[in-house]
Amino acid sequence: MTTQTLSRAELLKQLRTTHAESVKRAQELLKEQKHMQQELCAFFREKPRTVPEAAQATGIPADKVLWFVAAMKKYGIVAEAGMCGDYPLYKKVEEN
Amino acid sequence: MDDLHMDALVIGGGIAGMQSALDLGDQGFQVALVERDPSIGGRMITLSKVFPTLDCCSCITTPKMSAVAHHPNIHLYTYCEIQSVQEHGAGFDVSILQKPRYVDISKCTGCRECEYECPITVPSPFDRNLGAYRAIRVPFSTAVPQKAVLDPEYCLWCGKCEQKCPVEAIDFSQQPETFTIEADSIIMATGFDLTPVSTKKEYGAGKLHNVIDPLMMERFLAPTGPYGRVLRPGDGKEPGSIAYVQCAGSRDETLGITYCSRVCCMYAIKQAMLLNGALPMADITIYYMDIRTFGKGYEQFYQNAKAMGVNFVRGKVASIREDADQNPILKVEMTDTGEIVEQTFDLVVLSQGIVPASHPTVSLPLGSDGFISVPAPDSAPCVTGRPGIFVTGTAAGPMDIVDSIVSASAAAAEASAYIRENGSRLEVEKEALYA
Ligand SMILES: Cc1cc2nc3c(=O)[nH]c(=O)nc-3n(C[C@H](O)[C@H](O)[C@H](O)COP(=O)(O)OP(=O)(O)OC[C@H]3O[C@@H](n4cnc5c(N)ncnc54)[C@H](O)[C@@H]3O)c2cc1C
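These protein sequences, in sequence, are chains A and B.
For the first sequence, the residue numbers in numbering that gives the first Met the number 0 are 0 to 95.
For the second sequence, the residue numbers in numbering that gives the first Met the number 0 are 0 to 434.
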């Protein structure tokens with residue numbers, strides 16, 4: 000069991016070394032995404048908001064906000080909550 | 000992986016490749032279908048509905064994908080690259096690289112637990128990068144095979160997916176593997192890409208957020224699309240006015256693409272009709288040079304769109320820029336009057352044409368348009384310049400789904416005749432059986 004766990008850890012370490020460049024890029028991306036998710040979730044938790052409102056409040060470009068909102072919607076983190084004029088509203092889905 | 004012998008090898012698992020494989024498989028031939036993506040389905044599985052019937056595209060494509068996967072005579076190789084093709088008697092030795100999925104597909108059940116656990120979100124090419132999935136994922140909901148694949152470009156190698164997988168299918172030890180298929184014949188079904196607009200500076204060179212390509216609109220109109228509705232990608236607004244720019248990349252000397260791509264008029268009309276249903280209040284305008292409705296029922300389809308209120312305006316769009324709110328502004332030369340007008344829209348779709356997708360390492364003569372050349376297009380439209388190699392679908396030139404399917408069956412018939420003529424293993428076996 001220990002040998003297996005160790006060899007698995009070693010294998011992952013080896014893969015991280017082999018893919019050092021892409022891992023670095025992915026780590027930066029993950030950091031950015033965590034930050035973005037925190038900011039957007041806090042904003043959508045207050046009350047349902049549109050993408051331009053979220054963009055204005057967070058300073059993140061609107062197209063990037065929309066992309067991330069689409070991703071969060073897909074994975075059940077935010078949901079649509081009606082419309083405000085021509086824009087859908089999004090709210091944070093609260094976990095039970 | 001063992002080296003294998005097949006009667007036919009089909010390169011490309013779009014609608015054309017799948018149809019050729021099914022036709023040959025049904026005749027009792029052993030067929031290898033090699034696809035470079037992790038799933039078969041090609042472009043067709045990404046479309047919303049099909050002209051001129053407006054049938055659901057997924058409802059037509061998914062059963063074919065499933066039939067291919069379950070056919071006893073079809074051997075499916077996804078996520079593979081053709082490395083070389085060498086002549087071997089009347090047949091070919093094809094060297095193939097199996098890229099690692101880092102997932103044991105014999106164990107994976109497609110439950111997507113790994114995907115939900117993966118911490119990193121990445122753009123999904125299935126949704127033209129406007130939607131997202133995770134570094135490890137099942138490529139899309141109807142993917143065949145319904146198996147996960149890990150993208151090493153985005154993976155952190157954190158091991159979370161492995162811990163979460165209920166069937167221990169994650170396999171970090173996988174390596175690229177090369178194997179050889181000895182095939183009596185080959186069918187090229189490598190499909191198409193959209194004409195590039197990055198060099199088309201007057202249309203924004205692909206940099207304007209609310210000027211999109213037609214495959215993006217297909218995804219917006221599909222029930223599984225990235226937003227679940229039609230929104231413009233710049234800021235999530237539901238568009239109230241949408242323009243189509245026809246011949247954006249076809250019949251265009253400046254791009255070196257002088258031919259008509261055949262499907263753009265029809266898909267623009269189809270999308271306009273679907274938009275009419277999805278956004279009943281929206282104004283939809285199609286700027287065209289001339290409308291080409293070549294197929295059965297297509298002219299009626301066009302007339303129906305006009306009757307529904309879609310605006311058809313004869314004019315050449317000279318340029319597109321955007322205002323401070325990222326609304327695209329079209330400068331149009333009206334063909335009939337010579338007048339120049341400017342019009343602002345919420346969203347613009349460039350009706351880009353069709354160019355050949357990248358070709359695998361099969362040396363074949365190409366036509367001046369870049370598609371695989373057929374020396375006798377009038378009498379043998381699927382026969383290439385190299386004996387034993389046939390071509391089908393949009394690898395041969397722009398065509399719609401109906402024509403792709405017809406050409407796929409034609410290519411299968413040509414391959415079948417070639418295999419029989421050259422004394423395939425199957426013939427020998429049959430002779431032995433009935434002796
Ligand atoms: C926006 C749009 C809308 C359309 N709507 C309609 C419609 O409503 N009705 C209609 O009739 N037609 C429509 N069409 C046309 C239709 O998409 C094509 O006719 C059809 O998809 C062509 O299928 P294909 O198999 O030739 O190519 P593809 O679908 O491109 O399939 C090719 C396959 O080969 C694979 N491949 C490529 N290179 C390699 C390689 N080197 N090794 C292994 N595999 C490889 C690809 O990954 C892909 O899976 C539309 C086209 C567009 C652009």
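None of these hints come from the bench; they were simulated from the model.
Built from N, CA and C at the ideal position, the CB exists for glycine as well.
Certain hints may be false.
Computed list of lysine to aspartate or glutamate pairs in EDC-like fashion (alpha-carbon distance at most 20 angstroms, straight line) [unchecked claim]:
1) A:K30 <-> B:E152
2) A:K90 <-> B:D212
3) A:K73 <-> B:D170
4) B:K315 <-> B:E338
5) B:K159 <-> A:E27
6) A:K12 <-> B:D212
7) A:K33 <-> B:E237
8) B:K106 <-> B:E80
9) B:K200 <-> B:E181
From chain B, some residues computed to sit far from chain A (all C-beta separations above 10 angstroms) [as the list claims (entries may be wrong)]:
10) C157
11) L230
12) P364
I'd like to know which numbered hints this structure contradicts. Please list them from smallest to largest.
2, 3, 6, 7, 8, 9, 10 and 11
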